[in-house]
Structures are given as C-alpha cells and as structure tokens.
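Trainee: Knowing the structure of chain F, use the given hints to seat chain U on it.
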Amino acid sequence: MNSSAFISLTRPVRARLSFRDVVGRTHLMEQLTPHPFHITRPFRHPADPEGMATLYLQSSSGGLYGDDDLGLKVQVGAGAAVHLTTQASSVVHDARGRPGSVQEVTLDVGEGALLEYLPDPAILMSGAQLDNRVSARLGQGARLLMADAQLIHDPDGDGRPFGHLANSVALAGPEGPLILERFELQGGDWLARTGGARCAGMIIAANLPGSAPALAEAVEATGAYAGLSEFGDRGVSVLRFLAEDGVQLSRALSAAWRAHRIQTTGAEPHPRRK
Amino acid sequence: MSDALSLLRLLQCSDSAFPSGAFAFSSGLETLVNEGRVQGADDMARLLEAQVIPRWLEFDRPFLRRAFHAEGPEALLDIDTTCHLQNTVERLATASRRIGRSLLTVHARVGTPGAEAYRNHLRAAALPHATGYEPVVQGMIGAGLRLSLAQAEAGALNTVVTGMTSAAVRLGRLGALDAQSVLAGIAAAMAEGLAGTAPAQPGAFAPLIEIAAQRRMAGQISLFAT
Numbered sequence: 001m002n003s004s005a006f007i008s009l010t011r012p013v014r015a016r017l018s019f020r021d022v023v024g025r026t027h028l029m030e031q032l033t034p035h036p037f038h039i040t041r042p043f044r045h046p047a048d049p050e051g052m053a054t055l056y057l058q059s060s061s062g063g064l065y066g067d068d069d070l071g072l073k074v075q076v077g078a079g080a081a082v083h084l085t086t087q088a089s090s091v092v093h094d095a096r097g098r099p100g101s102v103q104e105v106t107l108d109v110g111e112g113a114l115l116e117y118l119p120d121p122a123i124l125m126s127g128a129q130l131d132n133r134v135s136a137r138l139g140q141g142a143r144l145l146m147a148d149a150q151l152i153h154d155p156d157g158d159g160r161p162f163g164h165l166a167n168s169v170a171l172a173g174p175e176g177p178l179i180l181e182r183f184e185l186q187g188g189d190w191l192a193r194t195g196g197a198r199c200a201g202m203i204i205a206a207n208l209p210g211s212a213p214a215l216a217e218a219v220e221a222t223g224a225y226a227g228l229s230e231f232g233d234r235g236v237s238v239l240r241f242l243a244e245d246g247v248q249l250s251r252a253l254s255a256a257w258r259a260h261r262i263q264t265t266g267a268e269p270h271p272r273r274k
Numbered sequence: 001m002s003d004a005l006s007l008l009r010l011l012q013c014s015d016s017a018f019p020s021g022a023f024a025f026s027s028g029l030e031t032l033v034n035e036g037r038v039q040g041a042d043d044m045a046r047l048l049e050a051q052v053i054p055r056w057l058e059f060d061r062p063f064l065r066r067a068f069h070a071e072g073p074e075a076l077l078d079i080d081t082t083c084h085l086q087n088t089v090e091r092l093a094t095a096s097r098r099i100g101r102s103l104l105t106v107h108a109r110v111g112t113p114g115a116e117a118y119r120n121h122l123r124a125a126a127l128p129h130a131t132g133y134e135p136v137v138q139g140m141i142g143a144g145l146r147l148s149l150a151q152a153e154a155g156a157l158n159t160v161v162t163g164m165t166s167a168a169v170r171l172g173r174l175g176a177l178d179a180q181s182v183l184a185g186i187a188a189a190m191a192e193g194l195a196g197t198a199p200a201q202p203g204a205f206a207p208l209i210e211i212a213a214q215r216r217m218a219g220q221i222s223l224f225a226t
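Line order of the protein sequences matches chains F and U.
Per our numbering, the first sequence starts with residue 1, numbered consecutively.
Per our numbering, the second sequence starts with residue 1, numbered consecutively.
Here chain F stands alone, though its shape is the one from the complex (with noise of 0.2 Å):
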C-alpha cells in the first residue's frame, strides 16, 4: 500500500527539560514530559562531576510507531552538569506503510556548561522507518559527549529489513556551525555499508581536550571496529564503531563514558543500572 495514502493521526508530541546551576548543584528546573515521554527522579552520585544531576529518560508507549512525531528540547544552564541517558533502548517499530517515526532532539549546552547525552542504541525492527535528528548548540567552554547509535532486528529472522533511516546530527559552537553529519539509508544496503555489522553508531566530544584518544581505545578493547577522527580546529573528535551486536553496543558506549569519565574527573564513574 502506498505510504501517502494515510492520513496522519498523530500530533506532535513536543517534551522539555530545563537544567540550571545554583549554588553548585545542577537542578532540574522545568519540565514539560507528555505522553509517551516519561522521566525518573534525578539523582546524584559522589564519583561524578561536582553538581552532576543524573535523569533517566523513558517512554511509557514501548517505542516508535507508525508516525510518531517525537520533539525533545533539553536545556542545561550556563555551570550545570548533567548525565541524561535512557532505561532502555528506543524500539523502531515496523512503520506498517506509514510514512515512519520522526524522532527530533535539541540540546543547548550553556556557557561553561557540561552535558553527557547519552541515549541507548535505537532497534531499527524490520519495516522501519526512522527520522532521526539530533541538534547541539554549545555555549563559549560547554563540554558535550554525545551518542548515537542504532542496531538493526529482524524478530522473524526472514530476512526482511528495515525500511529507512535518515540521520542527522549537527553540532554548533558560539562561533557558528561546528559539524554535520547526515545520511540517509534504505535498511536493505545496511549490511552491506557495516560490512556485516548489525549495530553502528558514533560518539561526539566536543571541548573534551585529550579524551578523545582514551575514548577510541577504551571502545576498540571491547572488540567494536572504531575509528577516530579528531578536529582540533573545532575542538571537535568524532569516534565511529561498528560492533556485531546489541551486547557489544552497550559495552562500546559503557566503556567509552567511562573512558570520558576517568579522562576528565581521573575517578571511574558509578555504573548506570538498567
């Protein structure tokens, strides 16, 4: 059935977070999480950056259907410090003809501010159909460390792929645009493009001087095939992985935090339970 023939039902569904300093201690000030968005309590932990709040992300629907129109904006203040991760991953599920799930996040890092963005993988299911966007903006001295990654599941193991991904993530500074990376794929050429891989995704530091390099090989020693490219002009490293599957993607991403963590506080971090 042709894809246009539907007519959508689904409204936008716009979430907020708004983070803010005071006195030290980085709490969350605003939120606005309607259906299927849905939040823990923040919580702090003694190993982490002095003030770090930690938020967990979640849905409360199990995943993005059909034509989900999906908008996160997180806010962190100018000197706030926060850890904003998922309970689990993010289920792409098969779009059944529609048009497919737009997926948009908006992150502003404050001056001086400190944000590790880093969501679970999205499960592209077979017959997917993902728009996913994920934009930065950085005050003067932010610091980010970023993820984004997505595995491909295919329940019925026939074979049949997920339908399409259209991924964009873009970073800019105080100065103006920093980095774009886009693409866009039809799940049936991603096997070929990963070289057989079934996950892949990439991890983003921006203004993390030095960390980069530990980052790469804490990722590499979990057995993922990385790359590491770093652009000091920008302040900028990009680390691409490939990892066999959704066990190693987890590792990748856990060790390469921990890696940013030790790099940048010397303490190893205390482990996100999920």
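Be a bit skeptical, because a hint or two may be false.
[What the hints assert, rightly or not] Derived Cβ-Cβ restraints for the label pairs, each shown as a range:
1) F/VAL22 with U/HIS69: 48 to 56 Å
2) U/ALA187 with F/ALA78: 51 to 59 Å
3) U/ALA126 with F/PRO12: 39 to 47 Å
4) F/GLY97 with U/GLU192: 25 to 33 Å
5) U/ALA200 with F/ARG11: 25 to 33 Å
6) U/ARG123 with F/ARG11: 50 to 58 Å
7) U/HIS69 with F/PRO209: 21 to 29 Å
[Said to hold, decoys possible] Not close to chain U: a few residues of chain F, all C-beta gaps over 10 Å, as computed:
8) SER126
9) GLU175
10) ARG193
11) ALA197
12) ASP245
13) SER254
[Unchecked claim] For the chain F half of the interface with chain U, some residues (derived, Cβ under 7 Å), not all of them:
14) PRO177
15) SER229
16) VAL238
17) VAL247
18) ILE262
I should point out that these hints are in silico values taken from the structure, not numbers from a laboratory.
Backbone N, C-alpha and C fix where the C-beta goes; we use that ideal spot for every residue, glycine too.
Mentor: Only chain U this time, still in chain F's reference frame:
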C-alpha cells in the same frame, strides 16, 4: 565546445598521469588489506560496490553538482565551507583537500577557465585547512572546461574507482589484469549509480571504509597517507 574536444579534455583530466596527488591515498583500503578484510579481486569489487561508489554518489556527487552550477568564486567558497562542515572523517577530508588543491594548482597553470580566480580567492580567504575540497574543485573545473555535467560526474567517479584499484595493485592485492577485470565488472554499477537521481542533500553512510581510513596498524609502516 565540440563533443570530441570535451571528451579529450575529460580523458586528459581523468588520466592517471594527471598530477592530482591522488596516488598518495588509499582511502582506507590499506588498512582493510592489512586487517585481512580485502584479500583479492572479489573483495575489491564488493568494497567498490558497497562502500566506495555509494559514498561518492551520496556525498561527493551533490557537492560536485552544486559547484558545477555555481556562479563565481564566492558561491564556490560557500559550497566548499559546507563540504568542510560535513566532512567528518578527518583523513578522508584531508585527502580530499590535498587532491582538490593540487587539481586547482595544475588547472590554474594550464589555464582552465575559473581555476586561477578560485585559487586566488582561496588564498585571500586564508582557510587552507577548510577549503579546496576535491568534488568542489572537480565541479568548478568541469564547468570551466565546458564539459557536460554528466561528463564531469563520470570523470570524477572514474577517478575515485581507478584510484582505488591502482592502490590495490600497489598493495599487492590485485594484479594489473585483475584490476582491469574489476573495473570492467564494476562499470555497470557505476553507470547505474550515475543514471540515478542525485540526492538533494549530501550525506553518506559507509562506516566500514570511513572507520578504516582513520585506523593505523600499530608498528606497521604505511604506503599511503590514508
């Protein structure tokens, strides 16, 4: 320009003897060979079909087309700047700039219309680390030589593919005859790709070769810069 004359200029620019500097780069192939991922003609054909050709069609081609239609050095510089922003594989970006700048220098020397003006514009802009990307220069040169867009695209894709097979020969993974067989076998896929609609926005997903281009085997001397 007559068909024969434009064809002759295209052949000149696509010739492996044309001093573009492309011979210094393997675009990740050397790593894949050293890691045992590319061992012979079949692997090479798969790599070209699954990684190299799609990456050129999806990433380089739209920039070449924009540059081909660009009016003047300032418009070209805008395209170059966008190409820089989107070139997020550091070694491939560096290779693209070095090849592009070599092409620009040679074409300025031989009097290709537009080449000297753009070279001077880049000098004035003083952004050597961020401009002069290969597809932008190829598009500008194609227009300057009054090639058709289809000729400029075919020449650019051919340069990439023959550059890879040439690298494979020098790495000892293909014999000279094997390389020609691979090229003959892959031509249909190249033609099919060129006949398809170019994406409106540049952007490619070829992680295997992009990661390989960034990797270096510890303790191993490399023949190529990428």
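Trainee: A cut-off of 10 Å on Cβ-Cβ distance, and F/SER254 was said to be off the interface with chain U. Does that hold?
Mentor: 20 Å, holds
Trainee: Regarding U/ARG123 and F/ARG11, is the given constraint of 50 to 58 Å on their beta-carbon distance met?
Mentor: Cβ of U/ARG123 to Cβ of F/ARG11: about 53 Å, so the range 50 to 58 Å holds.
Trainee: Closer than 7 Å between Cβ atoms is the bar; does F/PRO177 clear it against chain U? Give me holds or violated.
Mentor: Since the shortest Cβ distance to chain U is 5 Å, the answer is holds.
Trainee: Compute the least Cβ-Cβ separation between F/GLU175 and chain U, then decide whether it is above 10 Å.
Mentor: 12 Å, holds
Trainee: Just to be sure I understand the hint, the distance between the Cβ atoms of U/ALA126 and F/PRO12 should be within 39 to 47 Å; is that true here?
Mentor: 44 Å, holds
Trainee: Return the status of the interface hint for F/SER229: holds when the least beta-carbon distance to chain U is below 7 Å, violated otherwise.
Mentor: Holds - the Cβ of F/SER229 comes within 7 Å of chain U, reaching about 4 Å at its closest.
Trainee: Just checking, F/ALA197 versus chain U, shortest CB gap more than 10 Å?
Mentor: 8 Å, violated
Trainee: Kindly confirm whether 25 to 33 Å is satisfied by the beta carbon distance between F/GLY97 and U/GLU192.
Mentor: Given about 28 Å between the Cβ atoms, the range holds.
Trainee: Interface hint check: F/VAL238, Cβ to nearest Cβ on chain U, cutoff 7 Å. Holds or violated?
Mentor: Holds: closest Cβ of chain U sits about 5 Å from F/VAL238, inside 7 Å.
Trainee: Starting from the hint 21 to 29 Å, judge whether the C-beta atoms of U/HIS69 and F/PRO209 obey it.
Mentor: With a Cβ separation near 40 Å, U/HIS69 and F/PRO209 fall outside 21 to 29 Å, so the hint is violated.
Trainee: Okay, U/ALA187 versus F/ALA78 on CB: inside 51 to 59 Å?
Mentor: 57 Å, holds
Trainee: May I ask you to test the hint 25 to 33 Å on the CB atoms belonging to U/ALA200 and F/ARG11?
Mentor: Holds, at about 28 Å.
Checked against the numbered hints above, the structure violates hints 7, 10, 11, 17, 18; every other hint is satisfied.
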